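Peer 1: Chain by chain, the residues run as shown.
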Amino acid sequence: MKNQIKVYRAKYDLTQWDLADDVGVTRQTIIAIEKNKYSPSLDLAFRIARRFNAKIEDVFQYEG
Amino acid sequence: MKKNTYYIITSFIVFIVALINYGAVCLNRYPAMLIVTASVLIAATIVYILRRRIDDAPVTDELISKINEMSATRSLQITWILIFAAVVANLNIVWYMDDPVLRSALLHLGMPFLINLAIMIMIYTIFRIYYTHKYLGLGDDEESD
Chain A
65 MKNQIKVYRA KYDLTQWDLA DDVGVTRQTI IAIEKNKYSP SLDLAFRIAR
115 RFNAKIEDVF QYEG
Chain B
6 MKKNTYYIIT SFIVFIVALI NYGAVCLNRY PAMLIVTASV LIAATIVYIL
56 RRRIDDAPVT DELISKINEM SATRSLQITW ILIFAAVVAN LNIVWYMDDP
106 VLRSALLHLG MPFLINLAIM IMIYTIFRIY YTHKYLGLGD DEESD
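So the protein lines, in turn, are chains A and B. Numbers given in the working numbering equal positions in the first sequence, counted from 1, plus 64. Numbers given in the working numbering equal positions in the second sequence, counted from 1, plus 5.
Calculated directly from the structure, the hints in this document are not laboratory data. Fair warning: this is a prediction, and the values are worked out from it, not measured in the lab. Built from N, CA and C at the ideal position, the CB exists for glycine as well. Watch out, some of these pointers could steer you wrong.
[To be verified] Quick partial rundown of chain A residues pointing at chain B, CB under 7 Å, derived from the structure:
id, residue
1, V89
2, T90
3, T93
Isolated chain B, as found in the complex (with noise of 0.2 Å):
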């Protein structure tokens, strides 16, 4: 595939996600962030895979994976440090509240703020555990005897 066709495609495809939120914002409905979120992740899925079929000349190289990598990692590390910052504080804040209604209230929306990282700290977990075995291959490893 051409270079210049991903672009359209993912053109298109940003478009179908935009309208697909437009419609999931006006019903205004329960479902409708179930849809949301699966338009995303299903056009994440297909900009990638059109991505890896681009053949015309480099998008990506290795000193561009590089960058994109330590990017990543700042990133990641810095957001769930931010988070947990943040998640504590708040805790700590509502935990002393004197209204238990209130209080019952806020620690229940500051639970998906706790979820999401954990997840993101699973989900980091998982992939050093597979890039490890990928390649330092520890099975491999003739000296270990």
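Excised from the complex, chain A in its bound form (with noise of 0.2 Å):
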């Protein structure tokens, strides 16, 4: 799975550990999904796309 977290960091000029405070997870998390070596939960994946106040589809893109 793709996303663009790092794009919407710097659009919203957050830090990742700006944004893990915000979503309530570990900075290493975020470097994990953003890595894309981490695919996040669905809750997860909801919470950070609403911190950026975009779709779930804007921020992850699912590569079948």
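Both chains come to you apart, so use the hints to assemble them.
Peer 2: Here it is as structure tokens:
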């Protein structure tokens, strides 16, 4: 699964620490998601998308 | 509770358990074994409860939980294979010994390993049933009829 978290972080001027704090996870988790090493749960994906005021499909793209 | 408070209390608990262990070793009596086991179990329970009360920053999240789950599962699988292999190998060696007294003594020594193995499998099965009911909720299957 690809994601645009880095782009959205830049747009909202957020560090990985800020985003991790806002969505209630550790920074390591944000790093793993950004590097596509870990696919987040649906719950966390929605929280991240909501933080960026974006639709979940704009932030995460499924590669079948 | 703050994370630092948790670390301070946990260190204090570890120190107390170490003191109890030292005292138990100095006593060198049978009840000491029970005291050591009980102290470790109680300490682990207290630390677990304290950990759940930390509220300033997440100590764990879904990725850390997944890593812990994977590590625990793999450790369990490998450990019980190793213990089973060791027990079977030892029992085979002991079984064909000529000295009946030594054979009996060693067979008794091997039993705790087998009991540990059985307890591990039982605990695993109990948790497996518990989490199957918790997450799969087989009773709620609408299409089972």
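Peer 1: Hints numbered earlier in the text: which of these fail when held up against the supplied structure?
Peer 2: none
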